[in-house]
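There are 2 protein chains.
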Amino acid sequence: MSGWVVIAGLGPGADALVTPEVTAAVAEATDIVGYIPYVARIAPRDGLTLHASDNRVELDRAQHALRMAQAGRRVVVVSSGDPGVFAMAAAVFEAVEAGPAAWRALDIRVLPGITAMLAAAARVGAPLGHDFCAINLSDNLKPWALIEKRLALAVEADFAMAFYNPRSKARPEGFGRALTLLQEACGDARPMIFARAVSTPDEHIRIVPLPDATPDMADMRTVVILGASNTRVIDGAARPMVYTPRSVPADGSVPV
Amino acid sequence: MSGWVVIAGLGPGADALVTPEVTAAVAEATDIVGYIPYVARIAPRDGLTLHASDNRVELDRAQHALRMAQAGRRVVVVSSGDPGVFAMAAAVFEAVEAGPAAWRALDIRVLPGITAMLAAAARVGAPLGHDFCAINLSDNLKPWALIEKRLALAVEADFAMAFYNPRSKARPEGFGRALTLLQEACGDARPMIFARAVSTPDEHIRIVPLPDATPDMADMRTVVILGASNTRVIDGAARPMVYTPRSVPADGSVPV
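Just so you know, the sequences run in chain order A and B.
In terms of the numbering used here, the first sequence is residues 35 to 290.
In terms of the numbering used here, the second sequence is residues 35 to 290.
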């Protein structure tokens, strides 16, 4: 039997946000590979081996999956959210390119998932309803100066912004520096959304004006969304309603 | 019985990419509201009224949904992809803000979906595997100068980019101008991906070096992805493998 690797997105947490395509791939798998908390979301069954590994070993994990597929196993590499957004898909292709030529002939597929920023945006309205960007705030794999450059250009472009990995125990300082940069560059009170563990029992959502945002509002399970200059908060609504209008007037000014 | 409005994302086309959460909402609905081809994806049944409307009447459609919910109906507003990404969610909240105060008390929820750029990215690997932006190339609701400004800043930030609504019959010229700007500003042969009707029987994917991209490669059913400066195409692979590495070296140079 020929093996394969599927890199699958489990969505942000709730089973109701896992696509049927991903559920079907997991049902056909012989092996599940991934970071411990994501593998823990897969129900054990006969014939299925769960290979849970720690954080920060993405390339080892990818190589392990590829070697098993080469040996005829049906391997699902699980990511939270979407596997192509700051998750395992890029790591698997990096391993393929650096690995033996035979890996290029393997059956490797990516199955999309609901990424954290879209689940978080949906909870509060439509803050990403106009042009936006997504930035990984971890400087584990890129220089901090590049993050600051991208933040400044994103403000200049007036993108709404989604920030992944804002803060971890190993990187307690960066998010505060990012916040200071954004507060100074934006110079307004546009809403910032802290969405922790969306769609899980630990879900917690907080919406604050940008000047009131503080670093402790984020942790490693939080995705942060910052509005564009024209993002609106609807007052007196039954539940949070934050949205970025679809239109920008011809003079480029902020609609009221 | 109290009414509600759910703004739901049907994903890019395949039923296997519709989340169980959205399927459940449709099963509880009394009314489906949306653009003709999206409403056509909902199976008719007794007790369910389908309200299909033409393109470019988003606010009318939103007001219709809100009025029905106020009258006690259970209304699902359907979007393709994710409703918060260049789709109906922002239009509904615009209508709420401009409408009667009672609409702010309505039960309005947004259910995320697999947006086109993530489905397209998954088909070819992980081109959005690092920081990226999403830009709507339609100038129906914003000035073209703002689009050009955002494109130039996105190149400077070295984002991977996803472009929605690149081209329509009513706007045949804009995408050519965007391509020329990108070709000149990037000055390299990074891959551009044209993904048409992903996950449907009409799916067609084309990957070309940016200098070879031409306006006719896109139509209104195409999402376009442009790599960052370090996005890689793996040669000799069994299927397309395009990815943006997770890391950028400390000097900011392009990894080889």
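Because the hints were derived from the structure by calculation, they are not lab data.
Do not take every clue at face value.
[Unchecked claim] Per the computed footprint, the stretches of chain A lying under chain B, defined by three or more beta-carbons under 8 Å from a beta-carbon of chain B, are:
#1 75-81
#2 151-160
[Unchecked claim] Derived lysine-lysine pairs resembling DSSO-like cross-links, with alpha carbons at most 30 Å apart:
#3 Lys176(A) to Lys203(A)
#4 Lys183(A) to Lys203(A)
#5 Lys203(B) to Lys176(B)
#6 Lys183(B) to Lys203(B)
#7 Lys183(B) to Lys176(A)
#8 Lys183(A) to Lys176(B)
#9 Lys183(A) to Lys203(B)
All C-beta atoms, glycine included, are put in the ideal place defined by N, C-alpha and C.
Exercise. Hint numbers the structure violates, sorted upward?
Worked result: Checked against the structure, the hints that fail are numbers 1, 9, while the rest are satisfied.
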